[in-house]
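J.: Chains as they are written, first to last, in UniProt numbering: chain A, 1 to 388; chain B, 1 to 696.
Derived by calculation from the structure, the hints in this document are not laboratory data.
There's no promise every hint is true.
[As the list claims (entries may be wrong)] As a list, the in silico DMTMM-like pairs of lysine to aspartate or glutamate whose alpha-carbon atoms are at most 25 Å apart:
hint, chain 1, residue 1, chain 2, residue 2
1, B, Lys197, A, Glu41
2, B, Lys351, A, Glu360
3, A, Lys63, B, Asp380
4, B, Lys324, A, Glu41
5, B, Lys397, B, Glu321
6, B, Lys277, A, Glu41
7, B, Lys324, A, Glu82
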Amino acid sequence: MPSALQRMRAMEASLSKAGRAYPDCAAMATNLRTMAYNSEEQLRAQSHQVSHLVHLAAGTISKGLHCLSMQLTSRYFGLRPEQRELPKKSRTRRADLYHLAIFSDNILACSVVIKSAVSSSADPSKLVIHVVTDSLNFPAMTMWFLMNPPRPASVHVASTEDFAWLPVDFGSQLRRSVGVNPRFVSPLNHLRFYLPQIFPFLGKVLLLDHDVVVRKDLRPLWRVNLKGKVNGAVETCGGGSSPSLRLESFVDLSDPALAGAFDPKSCPWAFGMNIFDLDQWRRRGLTEVYQKWLQLAAERTSWKAGTLPLGLLTFYNHTRPLARRWHLLGLGRGADGAARADVERAAVIHYDGSLKPWLEVAVPRYRGYWARFVDYGHPLLRQCNIHE
Amino acid sequence: MKGGVVTPAVKRRWKGFALAVLTLVVLSLLLPLVFLFGVQSRSSYGYLSDDQSPPGSNVRSVDGVDLLDHEKPKEDIYFDGFIVCGSCIGCWTRIVDRLASSFRPFFPEEPGNIQNSTNVNSTSLLDETPIHSEGNHPPAVENETHPSPSTDVAKPSPGTSTIKSDDETTILCQLQFGSYCLWSLRNKERMKDLIVKKIRDQLFVVRAYYPLIDKIKGQGVFSQKVKQNIQDHEHLLGGAMFDAELPSNFEERMQTMEDVISTSKSLQPDYNYVEKKMRLILDWAEEEAKFYAKQGAFLYQLSVQTVPKSLHCLSMRLTAESFKILPVDAENAHAERLSDPDLQHYVIFSKNVLASSVAINSTVTSAKETKNLVFHLLTDSQNYFSMKFWFSKYTYKNAVIDVQNIEEFGLQYPHGFGMEPHLSMFEEFRIFIRNNGQPRIEHIPVFGHVHFLLPDLFKKLRKLVVLDDDIVVQKDLSHLWNLELKGKVIGAVEYCGMRLSHLKGMHGETNYNKDTCVWMSGLNVIDLDKWRELNLTGTYTQLLHENLNLREKTATSWRDAVLPTAMLTFQGLGASYEVNTEGVQSAAVLHYNGNMKPWLELGVQNYKTYWKRFLIRGIHSWLIAIDQELMMMVPLKKKIILLSPGRSKRMLPLNHGRSCGGFILHAYMGFWGCSGIVDSLVLNASIECMSRLYQT
Numbered sequence: 001m002p003s004a005l006q007r008m009r010a011m012e013a014s015l016s017k018a019g020r021a022y023p024d025c026a027a028m029a030t031n032l033r034t035m036a037y038n039s040e041e042q043l044r045a046q047s048h049q050v051s052h053l054v055h056l057a058a059g060t061i062s063k064g065l066h067c068l069s070m071q072l073t074s075r076y077f078g079l080r081p082e083q084r085e086l087p088k089k090s091r092t093r094r095a096d097l098y099h100l101a102i103f104s105d106n107i108l109a110c111s112v113v114i115k116s117a118v119s120s121s122a123d124p125s126k127l128v129i130h131v132v133t134d135s136l137n138f139p140a141m142t143m144w145f146l147m148n149p150p151r152p153a154s155v156h157v158a159s160t161e162d163f164a165w166l167p168v169d170f171g172s173q174l175r176r177s178v179g180v181n182p183r184f185v186s187p188l189n190h191l192r193f194y195l196p197q198i199f200p201f202l203g204k205v206l207l208l209d210h211d212v213v214v215r216k217d218l219r220p221l222w223r224v225n226l227k228g229k230v231n232g233a234v235e236t237c238g239g240g241s242s243p244s245l246r247l248e249s250f251v252d253l254s255d256p257a258l259a260g261a262f263d264p265k266s267c268p269w270a271f272g273m274n275i276f277d278l279d280q281w282r283r284r285g286l287t288e289v290y291q292k293w294l295q296l297a298a299e300r301t302s303w304k305a306g307t308l309p310l311g312l313l314t315f316y317n318h319t320r321p322l323a324r325r326w327h328l329l330g331l332g333r334g335a336d337g338a339a340r341a342d343v344e345r346a347a348v349i350h351y352d353g354s355l356k357p358w359l360e361v362a363v364p365r366y367r368g369y370w371a372r373f374v375d376y377g378h379p380l381l382r383q384c385n386i387h388e
Numbered sequence: 001m002k003g004g005v006v007t008p009a010v011k012r013r014w015k016g017f018a019l020a021v022l023t024l025v026v027l028s029l030l031l032p033l034v035f036l037f038g039v040q041s042r043s044s045y046g047y048l049s050d051d052q053s054p055p056g057s058n059v060r061s062v063d064g065v066d067l068l069d070h071e072k073p074k075e076d077i078y079f080d081g082f083i084v085c086g087s088c089i090g091c092w093t094r095i096v097d098r099l100a101s102s103f104r105p106f107f108p109e110e111p112g113n114i115q116n117s118t119n120v121n122s123t124s125l126l127d128e129t130p131i132h133s134e135g136n137h138p139p140a141v142e143n144e145t146h147p148s149p150s151t152d153v154a155k156p157s158p159g160t161s162t163i164k165s166d167d168e169t170t171i172l173c174q175l176q177f178g179s180y181c182l183w184s185l186r187n188k189e190r191m192k193d194l195i196v197k198k199i200r201d202q203l204f205v206v207r208a209y210y211p212l213i214d215k216i217k218g219q220g221v222f223s224q225k226v227k228q229n230i231q232d233h234e235h236l237l238g239g240a241m242f243d244a245e246l247p248s249n250f251e252e253r254m255q256t257m258e259d260v261i262s263t264s265k266s267l268q269p270d271y272n273y274v275e276k277k278m279r280l281i282l283d284w285a286e287e288e289a290k291f292y293a294k295q296g297a298f299l300y301q302l303s304v305q306t307v308p309k310s311l312h313c314l315s316m317r318l319t320a321e322s323f324k325i326l327p328v329d330a331e332n333a334h335a336e337r338l339s340d341p342d343l344q345h346y347v348i349f350s351k352n353v354l355a356s357s358v359a360i361n362s363t364v365t366s367a368k369e370t371k372n373l374v375f376h377l378l379t380d381s382q383n384y385f386s387m388k389f390w391f392s393k394y395t396y397k398n399a400v401i402d403v404q405n406i407e408e409f410g411l412q413y414p415h416g417f418g419m420e421p422h423l424s425m426f427e428e429f430r431i432f433i434r435n436n437g438q439p440r441i442e443h444i445p446v447f448g449h450v451h452f453l454l455p456d457l458f459k460k461l462r463k464l465v466v467l468d469d470d471i472v473v474q475k476d477l478s479h480l481w482n483l484e485l486k487g488k489v490i491g492a493v494e495y496c497g498m499r500l501s502h503l504k505g506m507h508g509e510t511n512y513n514k515d516t517c518v519w520m521s522g523l524n525v526i527d528l529d530k531w532r533e534l535n536l537t538g539t540y541t542q543l544l545h546e547n548l549n550l551r552e553k554t555a556t557s558w559r560d561a562v563l564p565t566a567m568l569t570f571q572g573l574g575a576s577y578e579v580n581t582e583g584v585q586s587a588a589v590l591h592y593n594g595n596m597k598p599w600l601e602l603g604v605q606n607y608k609t610y611w612k613r614f615l616i617r618g619i620h621s622w623l624i625a626i627d628q629e630l631m632m633m634v635p636l637k638k639k640i641i642l643l644s645p646g647r648s649k650r651m652l653p654l655n656h657g658r659s660c661g662g663f664i665l666h667a668y669m670g671f672w673g674c675s676g677i678v679d680s681l682v683l684n685a686s687i688e689c690m691s692r693l694y695q696t
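Let the hints inform the model, and build the full structure from the sequences given.
T.: As structure tokens, this is what we get:
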């Protein structure tokens, strides 16, 4: 077999011969253009298919997670009813403790958030973690924490089924407003706007997304003076990975219903780690404000009502910026999403974007921060072939 | 092989073939170039307007994913050396359209890193040298420029310069990307985009001219105009894929551009440079296409290897229901029938409630007589509860369905192959064969380890039919029970497209007849008495361990060992399976081997219809309507509008069958499908409603 170099030399020789022998440039140009056609044709077909596949991929679950949920569900129902209760239920209403809320249907992700929060807390015995999940995943989620209690913190699992106050048509209303994209339509995502109803006995709660890892003690957040605002969050404009983000990047403010009421250049903030003053929230009736915008989104076909755009509108003028180090974003966007030094310094790191740490596509550089909180030796995880 | 293009024959007739040769030359030139420079330039597509995103970038940045490794784009690339055509004047005005059709799209080649990391369920067995170890030079091109009598690639018909035959293109693609290519081909869309193409062509030409115009002194104003026109054109095109998406003023713009181009031509710049620029732009486009192909293949694999959320949801619901609602224990009533050797016993190994329901449903629906049918559904502990619940609560005509947890049997076999840690029910192997130089990829489904427990699992039975769960039965199968096996153990479809010799790399030193065809699972008639008599399970165990001793004992090697061992077990003892394949074939069973299973969204549309028909057949056919409307209309109301009598009546005339199981299953999918919140009232009412329908 001749080497690649030999082949190339031979080709070069042939080419110059051909060039001398056949100097018809028009044909040459035509050839090139035809090839360009073909490539572009292919390019378009493929980019189209890719977007279809991205959509499909959002509608699937990994075999490992499927298996884990199934195993836990059957174990849960194998218990006697009195064995199915998580311990220390009374603590869920005590306003003197530190309450975290997570809305999720992903057991693995939840377990990491909780494990990391407990291990980085200076006084974990005062932590109460509330997991809100749907009725489908409630048995499995409960079973997981029955088997793996995050001692000395206490955990409580609630199902959306338990929320009698939830509008009957909540799900269908969302579907109308948000469209059919399963990534946005999950009622679990939107339940965050009902925090005061979910926790009627609490004055403050820290909301964490399930794609974060806690690295520092979070108790100082409860002492942050929100100055009468409802939502404490980090801002996302200027500096960092997305310098040009403004409110207008998320919401179409040219809509007559919105025009004038909002400053298009105001700085947006992020969900992922938010400290909420529920008393202020109730006083200002922000859940009703949210419902108003959701309704508006249902009437408009032009804008997608993701939780963030709705949140930006709902908590407009009710948000107090927190120091950036509290919440670092970008670990799920790509290999250059965040600097290592920033990761080390941050209190909460957030794998926002599609490259979630529990997926195969995770960014290897950041995966370790997440994976260290997964016990891959756990018998159930091994049984379900979930490995590093 | 040498790369020399000008063979004696070609030399003599070079005038006639010059065009074709040149074509090949250009292509051969470009592929190494792509290889050499390709890494650098994926997304700097429109290099003139760096502030604008390249066409299609809106698609790529859905979710902001860059799924595969690629370098950051660099701004500009220069390369010299390959000068093909000399300067000429008026180059661009003559267009030879007949050449246009002679170019076929080809899949970009590059050793893929996708297959390695994926494909859990199929093993690629390369028993001969892979054909493209170099990856850069398409061999077909060499074959054409170097015609030799021994060439085994179909020769192109004279006068055309086909780059590769379609088949081979597909195969090459399959080697690199797996069945994604088939899917990709079948899902390609035809588009009305003639004008879009023209605009792109104009852009292509003018982009090649611009840098030259820019260098000519005294043309500053015109240069600005060209730049402006390019930006206008890019704007005009936007993300448009079809002609209909273009703004209304496109004709005017196109005319302006035409003028700019002819002015550019009149300036007579250096055409070598123009040509180089063109190639450069072409390279970018190809790189971009390659990127999408990779990303697409990756996503495709992801979709194949994950569980659809709806199926996940269904299994979870059924599991929960199985504990909440205790079904009437039908087992006792049927205990006798389960082990009655005079009945027709079907065995299905499955982990998929949806698939097994379709397999059973299609068998039952096609059967003339159902009261003597017994289905033994063997599953694992993960799916046991959902299946148990499902098949005990709903009937499939008069057939008896018994669900068993195979892992419980496994405990009784301490030496137990297959039980722990790798329970394998059936295996499907993706095998790459090169026959007379024609590469092919075959999917060969075979028995998994658990199949060899059959004689022990059904001690009282004498004969069985084993079905895979990815099949659809289209005719009555009762004749299988009269099939004379003539002393053989298995009746199977043999597949002579592949022979045991193709597996030689895997066999070790065992003696066997190389020319024996392989056989496939899917539908197999088994004579259990004969099996026991010949102690085939013992043989299998022995062969398996011999096979395993040849390699590391890992999970993969266990699975790899299945194929040759399963083949040899029946071969070695003369228990040939070449029995009456006609009888088996006339059963008209559709087998969805390959990884585009019909229950995945990706399933091949044409075949998927057959499968769906049995999900929805008869009573089921109006469910298509329900399924689509359910989610939209009444997911959460406390009453069932959709299933109200009026609507049901409207749909009822389509009702032909009586098999309720498949029907309700589909309705469950509709109710549970994707909405997170389930209304048990709706659910119960639907069950009630449907059982009412069933009675009428």
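J.: What hint numbers does the structure not satisfy?
T.: 4
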